[in-house]
Each structure stands twice: as C-alpha cells, then as structure tokens.
Amino acid sequence: MKKRFLVAAVAAGALFAVAFGAYAGIAKVSRVSATPLPSSSCGPLQYKGSGSPQFIIASDLPLQGSSRSQTVELSKAEAFILGQQGWKAGKYTVGYQSCDDSTAQAGKWDPAKCSANANNYARNTSVIGVLGTFNSGCAEIEIPTANRASLGMVSPANTYVGITHSATGVTSAGEPGKYYPTGKRNYIRVVAADDFQGAADALLAQSMNEKKVYILNDKEAYGAGIAGTYRNALKHLGGIQIVGDEAWDPKASSYADLATKIKNSGAQSVFLGGLECENGGKLIKDLRAGLGNIVIVAPDGFSSFKDTIAHAGSASENMFISIAGEPFKFLGKGGKAFATAFGKSLGLPATKVNPYSNYGATAMVTMLKAIEGSNGTRASVTGNLFKSKFSDSPIGGFVINKNGDTNNAPISIYKVGGGTANFYKLITPPAKLVTG
Amino acid sequence: MNLPQIQLRHQLKPACWRLLGRAGLSESRWRSWSVTRRRAVIAATVFVVVAIVLGPIYGFSLAAFLTWLVFVALYVPRWERVPRVGRWIPPLGVLLIAIAFPFYSFKMFTIPVLGQFPDTHTGVVMLIYTMMALGLNVVVGYAGLLDLGYVAFFAMGAYTTAWFASQQFAGQTATGAPLRSFSLGSIDILPGTGGFHISIWLLLLLAGVLTSIIGIVIGLPTLRLRGDYLAIVTLGFGEILPQVFRNGDNLFGTGFNLTNGPQGIVPVDPLGFGHTLDHWFGLPANYLTVAPNTFGPTNLSAGDAAFFWTALVLVLIVIFVSWRVRDSKLGRAWIAIREDETAAAAMGVPLMRTKTWSYAMGAFFGGVAGAYFAAFTGGANPDSFFFNISVFILCMVILGGMGNIWGVIFGACFLAYLDQAGLANTGAWLGQHLGIKIEVPKYEFGIYGVILLVVMLFRPEGLIPSARRRREFKEGVHDEPIVEAHV
Amino acid sequence: MATEVSAPNLALLRRRGIPSPAAIFGTLLVSAVLAWLAYNAVLTPSLFAKQFLIGLTNGSVYGLVALGYTLVYGILELINFAHGDVFMLGAMISATFAVQIFGLGANEAWYVLWPTVLLTLLIAMIFCGVINTTVERIAYRPLRGAPRLAPLITAIAMSFILQNVALAWKGPNYIALPYILPQSSVFSIGPYHYQWADLIVLFITVPVLLLLTWFVQKTRQGKAMRATAQDRDAAAMMGINVNRTISVTFLIAGMLAGAAGLIYALYFTSVRFDQGFQLGLIAFTAAVLGGIGNLTGAVLGAVLIGMIQAFNNGLTWHAPGSDWTQSIVFAILILILVFRPEGLLGERTPEGQ
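Protein chains in written order, with the working numbering: chain R, 6 to 441; chain H, 41 to 527; chain Z, 2 to 354.
For the record, the hints were derived by calculation from the structure and aren't laboratory data. Every residue, glycine too, gets a C-beta built ideally from N, C-alpha and C. Any given hint could be a false lead.
Stated by the list, open to error - Rough simulated footprint, nothing fancy, chain R against chain Z, three-plus residues with beta-carbon under 8 Å:
no. : segment
1   : 179-192
2   : 264-271
3   : 322-331
Said to hold, decoys possible - Using C-beta positions, here's what the derived DEER-type ranges look like:
no. : chain 1 : residue 1 : chain 2 : residue 2 : range
4   : R       : K357      : H       : I357      : 54 to 60 Å
5   : R       : G297      : Z       : A33       : 34 to 40 Å
6   : R       : G422      : H       : T294      : 41 to 47 Å
7   : H       : N333      : R       : K341      : 46 to 52 Å
8   : R       : G424      : H       : I476      : 16 to 22 Å
Let's have the full structure, built from the sequences with the hints guiding it.
Following this line, the structure appears as structure tokens:
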C-alpha cells in the first residue's frame with residue numbers, strides 16, 4: 006500500500022517539474038510587434054495601417070457614467086486624427102487603444118481602476134504615450150506611475166491647477182512636485198487649468214454688476230478645485246462679497262433648505278462648482294424654486310447641455326455655463342477643418358461637435374508630433390512634449406510652457422434659453438488675474 | 041428545520057444518479073470504489089470536459105493541460121496517508137503554485153466566459169481582498185457578529201499610510217518651502233521633500249494597531265447590542281468615517297487639513313527595501329522602479345510581482361494567525377458565543393472582552409490590508425471606501441464559507457477576480473458570442489446580491505464550509521439576545 | 002441576565018438615584034442642541050420658521066417609509082434593508098405612470114390632476130405591496146428559524162437586487178419629473194413661501210398614519226399582527242395563520258412604501274436607482290429614534306430627523322452644514338442604539354399599543 010503512494014508521489018513530483026519547465030520554456034518566447042493592453046479595461050487595438058504597429062497610444066477616459074457621451078466622442082476624435090495621419094507618426098507606425106478608468110457602479114472614474122491602468126501603461130513597453138486623463142483626481146494617481154516609467158501624458162481635459170503649478174488657497178502642500186517623484190516632468194495638458202475658468206466666471210460676475218455671490222461645491226476633487234479658483238479670482242478682482250461658501254450633498258433628496266439659506270444671505274448669484282451628475286439638475290430646480298430669478302453660473306461640469314437641460318427642465322433657463330475653448334464660429338482654420346471632417350464621419354453638422362473633441366484631437370496631434378521627432382524612446386517623446394508649439398491646431402495656436410500648461414485659454418460662456426444652450430460671450434482672462 | 045436546500049438536494053441528487061445509472065454508474069457502485077479511484081475518475085472527467093468539450097471553442101492549450109496535471113498531482117493521491125509530511129503536501133503545493141504565479145499567469149489559458157486568466161496585478165488585488173476577507177471572517181465567521189461597516193477599517197488603514205508616508209503634513213512657509221519634514225526608513229524621497237515619510241513596512245504594523253484601537257473604541261459601546269442592532273451601528277460607522285475623510289480638509293472650520301478632502305492623499309511613498317538591502321540581498325530597492333528583467337523573463341511585470349510576493353507573505357501571516365487563534369482558548373470562546381451567547385456567558389465566557397477581541401483582530405487585518413492597498417495603488421481617496429465594499433467583502437466570506445479559512449480565501453480570490461476583470465470579460469464574451477449587448481460590470485452588485493441570496497437560501501454554510509458551521513445551520517442555534525431592545 | 006454587560010450596572014445606578022454618565026451626556030447634548038436652535042430662532046426668525054416647515058414636510062415623507070420599517074421590525078424583528086429599495090421602485094413606477102403614461106405636466110387642472118394622481122397612487126401601492134410580499138416569500142420565509150443573521154444578509158442581498166433591477170430599468174441617471182403638484186403659495190413668512198405641494202404632503206401622511214393605527218388596533222387582522230409580534234408560537238397555537246399575517250404585514254408595509262414613492266416622485270421630482278437605500282437608512286434611523294415597533298414613534302422620529310436635516314443644512318449660525326448631514330443622522334442612530342435602544346417612545350412596546 007505504502008509503495009503505491011510513494012510511486013504516486015514521485016510521479017506527481019515529476020509532473021510538477023515538467024509543468025514548470027514547460028512554463029519557463031514558454032516564457033522565453035518574445036514578441037516583436039506591440040502587445041495590446043488587457044481587454045478588462047481597454048478596448049481592442051485600433052490600427053488600420055500596414056503590418057502591425059510598433060507603438061500604442063493609450064487613451065484614458067471615463068467611458069461609463071454621465072460623462073459618457075462626451076468621452077466616447079472624444080475618444081473617437083483621437084482615433085480620427087490618428088487615422089487621418091495614416092496610423093503613423095513620422096517613421097513610426099502607431100496603434101490606438103481606448104481605455105476606461107471608470108466603473109459602471111460608481112458611474113465615474115475609480116481610483117483603483119486609474120491605478121491599475123497606469124500600471125498597465127507603464128509596464129507595457131509598446132505604450133509610447135498616454136492621452137488622458139479626463140478627471141484630475143485620476144490624473145493625480147496616474148502621473149506618478151507614468152513619471153517613474155518616463156511615460157509622457159497629454160491630457161485633453163484635466164483642469165485641476167495643482168497638477169502642473171501651485172496657487173495659493175487652491176493647491177495643497179507639495180503640489181505639483183509630489184506628482185513627479187523623479188523630479189522630471191512628464192505631463193502636459195492642452196486645456197487651460199481651472200484658474201482660467203474660475204477667473205472667467207469671476208469676470209462674468211463683475212460684468213453683471215453683482216455685489217454678493219454664493220459659492221457651492223459638490224465635495225469632489227473637480228468641484229472643490231474649481232470653486233476654489235473662482236473664490237480666488239473674486240478676491241483678486243475685489244468689490245464682490247462672498248456671502249456663503251459650502252458644499253451641496255449629492256445624495257440629498259431636496260435642496261429647499263439650502264435655497265432658503267441662500268435667500269437669507271441676500272446673494273445675487275450662485276456658483277455651482279461641481280458636476281451635473283452629482284444631482285445638479287435637482288439642485289438647479291430647487292434653487293430656482295426658492296430663489297426665483299437669481300443668476301446661476303456653472304462651470305464645465307455642467308457642460309453636457311443636453312443632460313443639464315433635461316434634468317433641470319425650465320429651471321435651467323437663463324443659467325450660465327462656462328466651458329474652456331471656443332464655439333465653432335470662433336475656431337481657427339485648423340479647428341473648423343477638424344470639426345467639419347470629424348462631424349462628417351459621425352454624421353453630425355460641424356457645429357454639433359462637442360468642444361472636448363477638439364481638445365482630444367489636439368492632444369493626439371501633440372502626441373504624434375512628439376513621437377515623430379523622437380528617437381523612439383519614451384524619454385525622448387516626453388521631452389518633445391514640452392517643446393510643443395503649434396501655430397494652428399484643432400483648438401488654434403498654442404505653446405506649452407515648462408510646467409506643461411498651455412497659453413491657449415479662451416473660455417466660452419453659454420446661456421440657456423428656449424431649451425438650448427446658446428453662446429453668450431467669449432472671455433479670455435488676463436494672465437495677472439490667473440497667476441495670482 | 042425545513043430549509044429549502046434540503047428539499048433541493050433531495051430532488052436533484054437522485055435525478056443525477058438516475059442519469060448516471062443509465063450510463064452504467066450507479067451510486068452504490070461509485071461508493072464501492074476507493075477514494076483514489078473516484079478522484080481519478082473525477083480528474084479524468086474534468087480533462088474530458090476541458091480538453092474535448094471546451095477545447096474546440098477555446099483552443100487546446102499546453103498551459104491548460106499542465107494546469108490539469110498539477111491538479112491531478114495534488115488532488116488524486118491520498119497525500120494524507122503519507123506519514124508525517126503527508127498532510128502538508130497539498131497546502132505546500134498550493135503555496136508553490138501561488139509563489140510561481142507571476143511566472144506563468146501571463147501564459148495561462150483563457151477561462152471559458154470569464155476571459156483572460158488573472159494577471160499579476162489582479163493577483164495582488166485578490167490577495168489584498170483575501171486579507172480583508174480573512175479579517176472579516178474573524179468577526180463574522182468566528183464570533184458571529186455581523187459587521188456591515190468593515191470598509192471603515194480598510195479606509196483607516198489606507199489613510200494611516202497616506203498620512204505618514206506622503207507630503208500631507210508638510211505645511212508651507214511663505215516661500216513655499218516645507219515647514220515639517222520627518223523621515224524614518226523611507227526610500228527614494230527627493231531631498232527637501234516635506235511631510236512625514238515613515239517606512240511603509242512600519243506603517244503596515246502601525247495601521248493595524250491604529251485600526252484595531254478604532255475597532256475597540258467602536259466596539260466597546262456597541263458590542264453589547266444584539267446582532268442586528270450591531271450590524272446597523274457598524275453600518276453607521278462605515279458611513280461616517282468616509283465622510284469624515286471627505287470633509288477632513290478643513291476640520292470644523294479650523295482650516296486644519298487632515299485628509300486633503302475630496303482630492304485624497306496622493307501620491308504615497310513607494311514600497312521597497314532600499315538600496316542597502318538591494319545591494320546585499322538582491323531585494324528590490326523600490327517596487328515601483330523594479331527593472332523588468334529582475335526576476336527573469338521580461339514579460340512578467342516585475343513591479344507587480346514584487347507586490348504580489350509581499351502580499352502573499354502578508355496573507356500567509358494572516359492565515360497563520362487566524363488558524364492558530366481559532367484553535368486557541370479565545371477562538372473557542374468566539375465559537376461558543378456564536379452558537380449560544382447565553383450559554384457561553386453562563387459558562388463564564390466574558391462576553392464583552394471576547395467580542396471586543398474579535399473586533400480588534402478583524403480591524404487589525406482590515407487595517408493592514410488598507411495600508412497595503414494604499415501603498416499598492418499609490419494613494420488614499422475617499423471615493424474608494426463606500427458601503428458596497430463592506431458588502432462585497434461580506435459576500436466573499438459568505439460565499440466561501442463562514443469560519444473556514446480555505447473557503448474564505450477561495451471566495452475572496454474568486455470575487456476579487458470577478459470584480460477586477462471577470463465581469464467585464466463576461467460582458468465582452470456575451471457580446472461577441474451571443475450577441476447580447478449588456479454591460480455586466482454595471483450589475484456587479486446585483487450579481488453579488490444574487491450570490492448572497494442563493495448561498496444563504498441553498499447552502500448557508502458556504503461552498504467550502506467548516507464542519508461546525510454546517511451543523512449549526514442544519515440544527516439551528518439559540519441566539520436570543522442578551523439585552524432586549526424593548527425593556 | 003447579569004453577565005459582564007454594562008446595562009445592568011446602569012440600571013443599578015439609576016435605582017440609587019444617581020444619573021448615569023449616559024444620561025448626563027444625553028441631557029447635555031440635547032440642551033446644547035436646544036440652545037443652538039433657540040439662538041438661531043432669535044437671530045433669524047423667518048428663516049427658522051421656513052426651515053421648520055421644510056423639515057416637517059421632508060420628515061413626513063420619511064415617516065411613511067419609516068412606518069414600513071417599524072411594522073416589519075415589530076412582527077419579525079428583522080431590519081428589512083430592501084424596504085428603501087421597494088420605496089424607490091415605487092417612486093419610479095409612479096414617475097413612469099404619472100408622466101410617461103398619463104402624461105401629467107406642470108399646471109394641470111385639478112379635475113385632471115387629482116383623479117390621475119389617485120390612480121397612480123393605487124398602482125404604486127399595489128405594485129410595491131406585491132413586490133414587498135414577494136421579497137418576504139423569497140428571501141425571508143425560507144429562513145425562519147435559521148440563525149438571526151441569515152435573513153439580515155438576504156435582506157441586504159434583496160436590497161442590492163432591487164437596486165439593480167431599477168438600474169437595468171431606468172439607467173444610472175436621475176429621472177427628472179416636472180412639478181406636478183401646485184407650486185403656488187399658501188402663505189408667506191417674510192420672504193419665504195409655503196407652497197400647496199408642501200401642504201399636500203402633510204395631508205397625505207397624516208390620514209395614512211391614522212388609518213394604519215386604526216387598522217393595527219381595531220381590526221381582526223391588526224390583532225393577529227400584534228399577537229404574532231408578541232409571540233409567534235403562541236399566536237400559531239391560538240389559530241392565527243402566522244405566515245399569512247406576516248405576508249399581510251409586508252403587503253401593508255409595501256403599500257406604504259408605494260405611497261411614499263409616489264409622494265417622493267411628485268414632491269422631490271428627482272429619483273435615482275440608489276436613492277432608496279440612502280433614504281431607507283434615514284427612515285430606519287427615524288424608526289429607531291422614535292422607538293422601533295412603535296407607529297407613532299416612527300412618524301415622530303421621522304419628523305425630528307427631517308427637521309434636524311433642515312436646520313443643519315439651512316440655519317446660518319454655527320450650523321455644521323450639509324457636508325455633515327449624513328454623519329449627523331448616523332451619529333444619532335448610533336447614540337440612540339447605544340444609550341437608549343428603546344427609542345424616544347420606547348416605553349410602549351409594539352405589543353402594548
């Protein structure tokens with residue numbers, strides 16, 4: 006009896022050895038073309054050039070939840086540009102993968118997902134650059150990981166100030182240095198930081214002769230940040246009193262109590278620093294119901310006009326929504342050409358192309374240019390990103406400075422009327438209001 | 041007790057045997073075979089199903105075949121009969137497989153429907169959840185106290201790491217230079233960086249200790265409550281603590297920034313052994329910058345592998361402690377309380393102290409897991425800690441089998457894999473093969489709800505139950521409350 | 002039962018006439034809150050009055066949900082976590098019928114509005130009653146006699162399942178409704194208006210509470226419910242069909258949730274798949290605050306919670322603000338459970354009503 010077990014044991018041991026030997030054998034096989042990123046968070050590798058691509062540009066966006074309509078179009082715009090350039094950057098062939106940093110349950114970006122994605126990009130040597138992220142909170146997690154892998158990132162939408170430069174009262178200690186553990190920058194953005202939008206909204210308040218404003222935020226990374234820049238800009242402008250500054254609870258069933266409190270404060274205008282998906286529609290409704298025709302100003306967190314108007318109904322009439330970038334008629338040659346061609350590919354008129362798509366396209370253009378002039382290493386691509394300078398692009402001309410910020414910073418103000426958002430005016434805040 | 045699982049088994053089992061009997065295998069004949077033979081037949085059946093039935097769909101893979109061989113080697117022989125070393129062989133085999141995981145995970149086969157075999161990164165997350173599930177198992181499985189706010193301990197652990205291994209408390213002078221700077225065994229910090237920087241290794245311990253103190257503080261006033269009241273109180277704490285973390289950037293209007301509010305605290309310092317140990321023992325200096333070829337093949341992700349093995353060591357410690365404690369006097373006291381609180385008290389088991397210990401210990405493991413999670417994901421963010429995570433971990437414990445270490449490990453690994461990749465892949469698979477466009481991950485918690493419901497109704501002792509738990513569910517227990525709500 | 006539990010010691014202290022630390026702490030806390038309220042009332046009287054009314058209205062909606070918790074807890078000693086989600090489904094079915102099917106909009110004439118609202122109310126009540134009874138049949142009845150934690154776990158499971166049903170049905174976004182209830186002002190306090198919609202909510206809650214009390218106290222079925230709550234085995238021996246009685250309880254609780262859902266949809270005009278759980282926890286807190294198992298207590302607790310929320314969010318002098326609302330509600334829950342598990346009206350047990 007015992008002997009049989011001994012035999013079994015030896016046999017099992019042998020099988021074990023064979024098994025691991027075989028794995029080691031497999032492990033030695035190496036690959037030549039780009040390895041796609043895992044399908045659990047990234048879409049299929051898009052490439053229509055000849056052969057297989059040498060490099061991958063990964064896009065990192067929240068493809069689920071309320072920003073979905075914007076981000077899906079943004080991702081398409083990025084792929085569209087790559088397709089226009091023949092899936093190539095100079096002599097290098099480049100594929101594209103669209104990765105998702107959100108979870109459906111949360112309905113927005115998820116910290117664990119961002120971290121996992123960043124690790125995926127960093128360790129996949131085929132990934133030459135990342136276009137992302139959409140949410141600043143996610144960028145804070147991904148930048149350090151990418152930084153250690155000297156992987157360049159171009160964001161089409163991050164607006165939190167502290168990622169690239171510091172500002173009193175808005176950024177916290179150690180920002181932005183703490184995001185770059187190697188001490189060498191690897192992140193640029195083609196969209197203007199929040200301090201531009203906050204300043205533009207403050208100028209809007211000034212232009213309407215407001216004396217008392219109330220600031221609300223949704224206690225999310227983005228919302229608290231933009232409310233802070235608005236507050237800063239108001240203080241710099243002077244002459245406008247902030248009579249209240251607090252958070253709204255996205256889970257509350259009613260904001261009637263908050264509206265009453267605002268009415269008691271005598272504010273002429275309310276600023277909603279936050280996202281529409283954080284119960285913004287209901288908030289607008291309750292503010293209108295309790296405060297009548299008070300001026301409501303919202304940043305680009307409410308820029309999904311369709312949702313904002315659908316959720317708030319007639320209460321959204323006459324509210325102002327600011328958004329970075331320019332409407333179609335103000336776009337330069339590059340912008341108009343892109344919007345027309347891209348709109349055509351989607352079956353949309355050029356004027357209906359979401360402004361973020363222009364930013365996505367610009368991010369791709371910037372990345373491709375950096376790859377084109379590189380020697381094929383990540384470090385050289387990253388270095389080139391900081392030399393980016395365009396006389397025209399889908400968002401017009403711009404230069405990236407040493408912090409990775411753009412100098413292209415027009416802010417469009419839209420006003421809701423008759424059930425649609427109409428362009429109201431363009432504000433380009435002066436630099437001295439922003440940097441203070 | 042007339043539970044439906046008994047009825048179901050009585051109906052299903054004979055039906056299966058009738059079917060097998062037609063094929064010439066009656067139940068009595070099966071029973072007459074030796075254990076080894078029966079296991080060999082099962083192993084052969086698995087092979088037939090995998091290689092012949094699923095092979096044509098998924099392609100025959102060498103990796104699948106080798107996996108099957110390992111399964112045969114561990115499962116078929118009756119190792120326990122081998123004198124002395126026998127009963128250690130299967131666990132050691134499993135351990136070996138786990139240690140080798142980073143070397144083969146990227147070369148493994150595709151699991152039917154669930155998609156790609158988990159990669160090393162997923163492996164780390166699975167191990168972190170295993171740690172937490174084992175911690176919750178001490179509270180729910182051993183002591184029988186339902187904790188619906190376990191996520192609070194996880195958050196506390198993560199924030200401990202974030203506080204003491206980041207620039208959070210650096211402060212700023214007028215020129216923007218840091219006010220405070222303290223460093224203890226941290227690695228790869230640029231000179232002139234402010235804030236506390238304590239080695240993550242120490243913080244893992246510190247997080248455990250701090251969290252178990254929180255556990256005791258929460259436990260002392262609440263543990264005298266009856267089971268369901270305790271559940272709702274823990275749920276309350278699980279909701280309050282994340283809100284404190286979210287609002288802690290300006291605590292009570294004093295301007296004191298404890299938690300950096302909704303921004304979360306990112307990034308935290310890297311985990312690693314530093315350059316001295318790297319030089320002398322080859323231990324990776326910094327997990328985030330491990331060279332790709334450190335452990336041999338370059339397509340195993342070296343950084344994730346380092347995190348994986350570290351997590352494995354932590355999980356082994358947790359397993360060892362849970363296992364030893366379960367068989368100790370304290371562990372037996374927990375089980376006594378779980379089965380009959382009144383009788384346990386009458387036999388001289390100090391209720392409060394015993395329950396508090398289970399709380400403290402569960403909290404300790406949760407804290408360590410949270411601290412490691414923060415080190416792994418590079419930060420602590422209030423969005424990561426919400427009620428659903430508590431239920432997710434509870435689901436792991438219940439699916440695997442309350443009170444059974446192996447069951448809980450299985451439940452944790454399986455559900456964590458589903459969460460990380462399995463559900464998304466299932467959605468993709470459904471779309472490709474059946475043309476059903478459904479975002480499966482969107483219904484993640486609905487699926488967990490169904491799992492919880494089905495397990496509680498049909499197999500309340502879990503998939504891999506402990507013998508004792510199974511008896512309790514069969515025979516029922518007397519857990520009348522000690523303190524009545526209605527006086 | 003004298004073991005190492007602190008409760009008997011507290012009782013001992015109380016007998017000797019020495020107030021327990023818990024009692025001192027509780028008294029201090031309550032007086033501090035009252036002083037804060039009084040100062041605010043003097044400082045901004047009309048704001049205070051308006052917030053009081055908002056709290057009263059929100060509280061009565063919570064009350065309808067809290068009644069469902071308290072009924073079920075009274076009879077089964079089970080926290081029916083799924084109750085909040087049944088309520089949320091009620092709000093969704095009301096939204097679907099009132100707006101999409103019956104096409105109600107703002108400013109409907111009264112002879113269109115009221116019959117339609119009543120019809121929707123009926124549909125929502127039946128729908129939720131059926132769902133709640135089904136939940137009981139599937140998830141709780143098979144587990145009678147199982148360890149206490151088993152039905153609690155299935156209750157959480159059902160809550161998640163119902164949430165996901167709603168998610169699949171209506172998607173992850175808020176469903177917005179128009180203001181169907183009349184928004185015109187009934188009376189004004191300073192610059193603030195009290196609207197007809199607010200009043201209507203009260204007009205629905207109060208009769209429902211009276212009807213329910215009458216049902217539980219006077220009818221045969223109500224007596225059967227009370228008997229079952231008191232001692233299930235003895236009730237069975239006296240010829241009461243326990244399973245049926247429990248089903249009826251769940252049916253009534255579900256119908257209350259349906260009514261609350263309709264009011265919620267019409268009054269708050271915004272609902273999402275995960276709001277039920279949230280509101281359920283608030284309502285449960287209210288039920289505990291009032292004394293769980295006690296019908297009047299549930300409504301009283303709910304109104305108090307509604308007011309605490311409104312005062313916290315809307316008062317100006319040293320109010321913690323809406324950042325902390327959630328924490329405050331849960332802190333109340335914990336404090337009550339720890340120091341006074343019988344609640345405010347706890348002397349009267351469900352049996353003794």
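Q: With 34 to 40 Å as the target window, see if G297 (chain R) and A33 (chain Z) comply at their CB atoms.
A: Holds - the Cβ-Cβ distance for G297 (chain R) and A33 (chain Z), about 36 Å, lies within 34 to 40 Å.
Q) So does G424 (chain R) sit 16 to 22 Å from I476 (chain H), Cβ to Cβ? A) violated (36 Å)
Q.
Verify this for me: three or more residues of the segment 322-331 of chain Z with a beta carbon less than 8 Å from a beta carbon of chain R.
A. Coverage by chain R holds for the segment 322-331 of chain Z (5 residues, Cβ < 8 Å).
Q: May I ask you to test the hint 54 to 60 Å on the CB atoms belonging to K357 (chain R) and I357 (chain H)?
A: The hinted range 54 to 60 Å holds for K357 (chain R) and I357 (chain H), with Cβ atoms some 59 Å apart.
Q.
Taking the Cβ atom of N333 (chain H) and the Cβ atom of K341 (chain R), is their distance within the range 46 to 52 Å?
A. holds (50 Å)
Q) Three or more residues of the segment 264-271 of chain Z near chain R by CB distance under 8 Å? A) It holds, with 4 qualifying residues against the three required.
Q) Would you say the segment 179-192 of chain Z counts as covered by chain R, given the rule of at least 3 residues with C-beta under 8 Å? A) holds (count 4)
Q | Range hint compliance [Cβ, G422 (chain R) to T294 (chain H), 41 to 47 Å] | A | Given about 44 Å between the Cβ atoms, the range holds.
In terms of the numbered hints stated before, the structure departs from hint 8 and from no other.
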